[in-house]
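> Below, each chain spelled out in residue letters.
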Amino acid sequence: MKIVKIQVMCCLFIVILIASVPSLSFAGGLIDMAYGRDIKSDRSKEPIQPVPFSYDNNRAKTDLGKMLFFEPRLSKSGWITCNSCHNLSTGGADNLPTSIGHKWMLGPINSPTVLNAKFNLAQFWDGRAKDLKEQAKGPIANPMEMASNHQLAAEVLQSIPEYAQRFKNVYGEEKITIDNVADAIAAFEETLVTPNSRFDVWLRGYDKITKEEEDGYILFKEKGCIGCHNGFGVGGNAFRKFGIAKPYDKDTQTLGRYNVTKNEKDKYVFKVPLLRNIELTAPYFHNASTWSLNEAVNVMAEYQLGTKLTDDETNKIVAFLKTLTGDQPEIIFPILPPSGEHTPQPNRN
Amino acid sequence: MKITKFALSCCLLVFAIITIVLPVIVSAEEPPRNIGYGRGGRMQGGAVSPRSKEPIKPIPINFDDNRAKTDLGKKLFFEPRLSKSGWITCNSCHNISTGGADNLPSSIGHKWMLGPINSPTVLNAKFNLAQFWDGRAKDLKDQAKGPIANPMEMASNHDLAVEVLQSIPEYVKEFKTVYGSEKITIDNVADAIAAFEETLTTPNSRFDAWLNGYDDKITAEEKAGYDLFKEKGCIGCHNGFGVGGNSFEKFGIKKAYDKDTQTLGRYNVTKNENDKYFFKVPLLRNIELTSPYFHDASTWSLSEAVNVMAEYQLGVKFAGDETKKIVAFLKTLTGDQPEIVFPILPPSNANTPQPNRN
Chain C
43 MKIVKIQVMC CLFIVILIAS VPSLSFAGGL IDMAYGRDIK SDRSKEPIQP
93 VPFSYDNNRA KTDLGKMLFF EPRLSKSGWI TCNSCHNLST GGADNLPTSI
143 GHKWMLGPIN SPTVLNAKFN LAQFWDGRAK DLKEQAKGPI ANPMEMASNH
193 QLAAEVLQSI PEYAQRFKNV YGEEKITIDN VADAIAAFEE TLVTPNSRFD
243 VWLRGYDKIT KEEEDGYILF KEKGCIGCHN GFGVGGNAFR KFGIAKPYDK
293 DTQTLGRYNV TKNEKDKYVF KVPLLRNIEL TAPYFHNAST WSLNEAVNVM
343 AEYQLGTKLT DDETNKIVAF LKTLTGDQPE IIFPILPPSG EHTPQPNRN
Chain X
1181 MKITKFALSC CLLVFAIITI VLPVIVSAEE PPRNIGYGRG GRMQGGAVSP
1231 RSKEPIKPIP INFDDNRAKT DLGKKLFFEP RLSKSGWITC NSCHNISTGG
1281 ADNLPSSIGH KWMLGPINSP TVLNAKFNLA QFWDGRAKDL KDQAKGPIAN
1331 PMEMASNHDL AVEVLQSIPE YVKEFKTVYG SEKITIDNVA DAIAAFEETL
1381 TTPNSRFDAW LNGYDDKITA EEKAGYDLFK EKGCIGCHNG FGVGGNSFEK
1431 FGIKKAYDKD TQTLGRYNVT KNENDKYFFK VPLLRNIELT SPYFHDASTW
1481 SLSEAVNVMA EYQLGVKFAG DETKKIVAFL KTLTGDQPEI VFPILPPSNA
1531 NTPQPNRN
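Heads up: the sequence lines are chains C and X, in that order.
Just so you know, we're using the numbering used here here: the first sequence kicks off at 43 and counts up by one.
Just so you know, we're using the numbering used here here: the second sequence kicks off at 1181 and counts up by one.
With the rest of the complex left out, here is chain X (with noise of 0.2 Å):
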């Protein structure tokens, strides 16, 4: 009897650990659903590496920690009726499952009408000094609200915004939980949207785990391309953690930039004549995902983007294959794209101001 009261135990122990260690198993197999933002749920170790001075820094891994204003922001970066026409949502044009961009010449907005200018990705726009080609917002709270209330873009205003969400048990209660306040501001929603983008990084790229130590993680080729990206002088604006979004340049430095003369960038922002024609540089990461390229789409070639850099800010053409090589490293930022649950909104009710599509 005490060998059965024995072995019985240790079944209970064996079940026990089972039952604890089990879910974490699981939940190691299967793409994790839950966490993963911006992370895809997988991380690599940060060696301390030979690279550590390189002028591109790896992303850094980034952790939610108030998971419910990420999860509120997620919703209304998902929330049609943030529009006039309940139809159009920040993700219409800043895809996630495309780079974060819309992959158009210029954006389609309420009605049909076609902005201005093309949409940049918001994949890593925290490593932005600031937001915008001009840079007129100064982060992403202050950007969010922008296109809420663009005629061109969503079309609908900040009061009718928050009436809308305002008229939705559910969210008043999100922000309650949030915010402290069961009254919804133009200014908290844009702080959930700014907290959820903050999340839409991609680390892990290839170029990002060769600069931790791992070597064998890019090609000759690529290698060779990243060499010639330094010695070229790409890197002079080009660089930090994003590769690109911490200056504002001229575009057309060596040549006068002559395919697009009206759109006359951060002087917008400064009235400062020397600011015609200096626009945010770009961020490289995942620049693959996000053509057509420059603010005016003039290209949708890779490769001729890389040319027209050359020519334009570096005077200089490139030989053979020094353009493919440079193409070659360019592929290499691109990250573990965010992993989304996609969001489940809540009803409308009879309170709620209806859509209106004209």
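With the rest of the complex left out, here is chain C (with noise of 0.2 Å):
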């Protein structure tokens, strides 16, 4: 009877591991558990390191953010959202050269991923926002862009009881702030990882990228493009001088880094961009020279490190490049709180 009851222990054991299960999943998905552990260790000293897993620990915060973030009434207009720019779709960014606002004004530089920007060191091209919460005020009440204000924004929300409820339940309060709506946003963003790539399963170990891809990740390292690009982002790590080998000459008037130190060695100096997704989000470079992402790395092997590369050299490297793009964030597209009467109505001048 002794050895029945060890039996029964062991069920219910197995039972509650497996019924443990479920709660492993996160904001983008079900982990793929088969990844979840190194088996060879020797890539664990690697200079880029898998995306971790993010769990996702405040769901009533996290989903007031993908709701914000899908907002359009943030907006003066009541027509454009975060996603307008940072499409989630298209891998966090919009694809065109530069981003269109309010009243379809043509903004000054290439939209950055949102995807894995937690991973920043700082945010915008010249790192002028500390982190995602100081950045999500910006965007709001840029004229060019959502072209609102904060005062207005948290009136539009306050006047929809669905939000002062939501905001009451997440941080105790029903006035809402416009920092907690930022804070709300950054929450919502840092569940936009993508784990998973083949370069990070094969970072953990298993054999998920092709000799050709391998190669490319080689000559990434070899020719010194991991300088700047590396950890989990693979970028975001340090500013740098666009134009180090030989001056940019594309684009000379976007400052970059100098704008916020006004320091005249940062000139030109920007954010080293994550290369994490990198297929999804051409064009590229900050002024988009090139939507192509060979191109892209030609022009980084001649202005940053003064190398021209063979055909077959930038070909294994864009192959590696393409083993970096991970799972997309699953998101389940919000339903808004309608208008109530004293809404403030949108503007479209």
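Just so you know, these hints were derived from the structure itself, not from any lab.
One or more of the hints may lead you astray.
To be verified - PhoX-like, lysine-lysine: derived pairs with alpha carbons at most 25 Å apart:
hint, chain 1, residue 1, chain 2, residue 2
1, X, K1325, X, K1451
2, X, K1410, X, K1434
3, C, K172, C, K160
4, C, K304, C, K175
5, X, K1353, C, K364
6, X, K1353, C, K250
7, X, K1497, X, K1412
8, C, K160, C, K292
9, X, K1291, C, K145
Said to hold, decoys possible - Which chain X residues face chain C? A few, computed with CB under 10 Å, are given here:
hint, residue
10, K1255
11, P1260
12, I1276
13, L1284
14, N1426
15, L1444
16, H1475
17, S1478
18, E1519
19, V1521
As the list claims (entries may be wrong) - Label-pair restraints from in silico Cβ distances:
hint, chain 1, residue 1, chain 2, residue 2, range
20, X, A1530, C, T303, 55 to 65 Å
21, X, D1396, C, M186, 31 to 41 Å
22, C, Y248, X, N1538, 43 to 53 Å
Please read all numbers here as calculations on a predicted model, not as lab measurements.
Just so you know, even glycine gets a beta-carbon here, dropped at the ideal spot from N, CA and C.
Hints are included, so try docking the two chains, each in its own frame, into the full complex.
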């Protein structure tokens, strides 16, 4: 009888174990458990680290943030959302040379992706926002983007009872502040990571990339790309001059980091962009000077490293870069509460 | 040893049952992600109801029988590269987050051109006898070709739109799977979008539950509103599955509607003098989500819209709380909004025509 008891206990144990699996689901879908552990640790010393799985530990907040990310009433016109320029259907960017904003104003710079943005040391090309929360306030009040202002945006949300209730649940008070709006949006953006790329799976010890792709990675390291593009995001860890080996002459007006520091040495210095999902986010560079990933790689070789790659080398590096595309966030399109009689009306002018 | 063996097989059995049953339980607990177009994964039983003779019919639960096609249609509905600028999608003006409309007086299109008319919802649009305010498109498929080539909307053209899709291998493959041919045509583009739109219904509104025999799903005030809606004559035009969408009627039957005399409505299609100012009767499903109201967006207030209807369509003026009751009833028509998993679109490549913002 004792043996039976043990068996039953075993059974129970297994049941509990299995039942706990669903709790591992997160905002971006179910974790692919098969790749959850490293089998060959020698790749753990590589200068690129796999994107960690993100667990959504405050669902009420990230859900609210998702609604705000897709909320057209945060814009003056009632038509533009964060997603308009950071489309989660298309790699978190707009695939335009520069963004289209309020009244079709064309912005000065290419829109970077919001995917994996939390791995950036600071936000924007020139790093003028220290984190996602600080960043999120910018576009709402930027006259060329959403063209609203912080007071109006908060007033619009405050007029909608369902929002007041949700802010109360998350922040403990019904009074909606722009700080909390930005905080919720940032929390949602933190969930926008793209794990399980073929390269990450390779890093974890599985043979998931081809010989050509691996050759590309070796070149990426040997030629020196890795010096700037490394870490979780394959970029985002430093500010670097665009045009180290040869002055970049296609755009001399955008001063980059200099605008923040006013330090002469920071002219033409930009945040090193993330190369995760890079195949999804053409055109490339802050001035969108090329639509071709091959050309972007060649420009980097020429202007950053002072070398010229053979076609074969470029192809291999591009093949490697394409292994960096991970699982895109699985977003259930949010349903937004209707405006009330007191909600300020949109203004298309 | 025998006991151990028995226990072991027990164990295995339990294990097997769990692995089979668990996923089902899990999918019941979580909002189902991949099933649920237009029905939010939930549905009510259609009990035999004493109310089956009512002039409003509950929205039927719909099952997409061709998942490959509706998935393709969903991608196209959210595809910015169908527009000249690479920025405008069907969803830009028919936002599924906000009741399938844009909540603007008239739509913003290419280069911020402001359109001439309010954007109707795509939710439940399949219940319309024809599409557009003047019914100039006979069905959803016919309709879907319009905005792509409309210079004030997406401002592309059919050749360009097809060329863009044709340049993207993933699309070619999906069109092949669905239509049997690698050659993408604008007809098939429209067909896939229409198939997706057919899934955009909103069942399970409280009113539908009441129609299905669940008495306590609407309040006495809401019920009184419904009775007024019938007694006063609204039901003569707003009826059926969509609570509208079944006929063309003049706006301004009892009193000429003078706030907009330029939009001629059905006349534009028939050139029949009698059809001037005739419009397709709009659906009143989810009406609380789609302000402003009327083709000319003359009001943001649902109460005012109801009063306008009373005055211009019925020649009456509502007393005291009649308007309030009708509005309360109209709000029971909001159903389960479609649960859409945001599609991931395949990237462009060197052969894809580039967007043009001008």
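> Each of the hints needs a verdict: does it hold here or not?
Checked hints:
| no. | hint | result |
| --- | --- | --- |
| 1 | X:K1325 with X:K1451 | 23 Å, holds |
| 2 | X:K1410 with X:K1434 | 18 Å, holds |
| 3 | C:K172 with C:K160 | 11 Å, holds |
| 4 | C:K304 with C:K175 | 24 Å, holds |
| 5 | X:K1353 with C:K364 | 20 Å, holds |
| 6 | X:K1353 with C:K250 | 24 Å, holds |
| 7 | X:K1497 with X:K1412 | 10 Å, holds |
| 8 | C:K160 with C:K292 | 29 Å, violated |
| 9 | X:K1291 with C:K145 | 7 Å, holds |
| 10 | K1255 | 8 Å, holds |
| 11 | P1260 | 7 Å, holds |
| 12 | I1276 | 6 Å, holds |
| 13 | L1284 | 6 Å, holds |
| 14 | N1426 | 25 Å, violated |
| 15 | L1444 | 25 Å, violated |
| 16 | H1475 | 18 Å, violated |
| 17 | S1478 | 13 Å, violated |
| 18 | E1519 | 6 Å, holds |
| 19 | V1521 | 6 Å, holds |
| 20 | X:A1530 with C:T303: 55 to 65 Å | 38 Å, violated |
| 21 | X:D1396 with C:M186: 31 to 41 Å | 52 Å, violated |
| 22 | C:Y248 with X:N1538: 43 to 53 Å | 47 Å, holds |
Comparing the model with each earlier hint shows violations of hints 8, 14, 15, 16, 17, 20 and 21; every other hint is respected.
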